[in-house]
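> Full structure from sequences and hints, please.
Quick mapping for you: the protein sequence lines, in order, are chains E and U. Counting with this note's numbering, you get residues 1 to 140 for the letters of the first sequence. Counting with this note's numbering, you get residues 141 to 277 for the letters of the second sequence.
Note that these hints are calculated values from the structure, not bench results. There's no promise every hint is true.
Said to hold, decoys possible - Which chain U residues face chain E? A few, computed with CB under 8 Å, are given here:
#1 LEU160
#2 LEU162
#3 ASN257
#4 GLU264
Glycine is no exception: its CB is placed at the ideal position from the N, C-alpha and C atoms.
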Amino acid sequence: MIPTMPFTSTRQTLQPGFIEMHRQCLGWLSATALWKRELKFFQHLLDDFAQRFAGVEDKKEMDHFQNLILYYQGEVIDELRRKLRDHESRLAKALQRINESGLDYQEAHGTLTTELSAFENQYQELKNNFFGFIETGFHQ
Amino acid sequence: MLPTGLPELHQQTNEWRSDLGLWKQELAFFGRLIDQYGKDLCLRDEVRELNHFRFLLNYYSSDLMNSLAARIGNHEVHLGLLMKELERQDESGYRTEHNALARQVQAFEQEYLCFKNELYGLLEKALNRSKTKMEQA
Numbered sequence: 001m002i003p004t005m006p007f008t009s010t011r012q013t014l015q016p017g018f019i020e021m022h023r024q025c026l027g028w029l030s031a032t033a034l035w036k037r038e039l040k041f042f043q044h045l046l047d048d049f050a051q052r053f054a055g056v057e058d059k060k061e062m063d064h065f066q067n068l069i070l071y072y073q074g075e076v077i078d079e080l081r082r083k084l085r086d087h088e089s090r091l092a093k094a095l096q097r098i099n100e101s102g103l104d105y106q107e108a109h110g111t112l113t114t115e116l117s118a119f120e121n122q123y124q125e126l127k128n129n130f131f132g133f134i135e136t137g138f139h140q
Numbered sequence: 141m142l143p144t145g146l147p148e149l150h151q152q153t154n155e156w157r158s159d160l161g162l163w164k165q166e167l168a169f170f171g172r173l174i175d176q177y178g179k180d181l182c183l184r185d186e187v188r189e190l191n192h193f194r195f196l197l198n199y200y201s202s203d204l205m206n207s208l209a210a211r212i213g214n215h216e217v218h219l220g221l222l223m224k225e226l227e228r229q230d231e232s233g234y235r236t237e238h239n240a241l242a243r244q245v246q247a248f249e250q251e252y253l254c255f256k257n258e259l260y261g262l263l264e265k266a267l268n269r270s271k272t273k274m275e276q277a
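Below, the structure is given as structure tokens:
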């Protein structure tokens with residue numbers, strides 16, 4: 001949720017909104033670390049199930065999951081983490097020098113939150129489909 | 141029209157309900173993974189760890205999830221009553237209940253994160269062992 005607190009240019013009034021956004025940022029950083037860990041495990045699982053799936057359709061689906069896992073783990077999440085760290089360092093500078101427009105920062109925070117929420121939904125969809133796929137392999 | 145703040149609390153409650161659904165689904169999947177790979181974990185410490193995970197999994201998926209679902213349901217009923225008789229009721233009780241529930245959900249989220257990290261580590265040992273067996277066969 002994006003904080004709705006109005007921003008002004010004094011350190012005292014900027015802080016509560018910034019603190020909430022900082023907390024959200026740390027939450028997202030922690031979530032992205034978990035996603036990376038999970039994807040590493042999913043890769044192991046996919047490797048183990050590779051021998052169980054022999055059909056053409058299954059192989060296609062395996063390729064699909066393989067591509068998504070590599071893409072998310074190797075590109076998307078790293079890029080999101082880079083953006084989060086940049087966002088955090090912008091916050092640190094803003095708190096030191098108060099030269100950041102509160103509204104600009106809030107807007108950037110909103111954009112980043114939207115991007116992360118969208119990815120979170122995509123990631124959840126991958127997990128649901130992946131779990132379903134792996135479960136079909138239990139019976140093969 | 142809801143007073144300021146209550147729609148956000150209602151939305152957060154709905155998010156918890158949705159999280160609960162996802163956790164239940166994940167826990168069921170983890171249970172099947174444990175059944176599938178448990179046999180590849182034969183060292184004493186691994187078996188002990190596996191039993192610990194089975195215990196936690198059972199506790200999370202039955203007791204804890206049911207208790208959280210009931211609390212969330214009651215919390216929504218509380219909001220419904222508050223909305224019906226808004227002018228006569230003080231919403232502070234609802235807010236206190238919401239904060240307590242938020243703390244419980246947050247605490248579980250943290251615990252569940254550790255649980256998953258450790259479970260992945262243990263299952264990876266089983267997966268590596270299964271891979272080695274395949275390569276040797």
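> All hints are to be evaluated individually against the structure, with a verdict given for each.
Against the structure, the hints:
no.: 1; hint: LEU160; verdict: 14 Å, violated
no.: 2; hint: LEU162; verdict: 7 Å, holds
no.: 3; hint: ASN257; verdict: 6 Å, holds
no.: 4; hint: GLU264; verdict: 5 Å, holds
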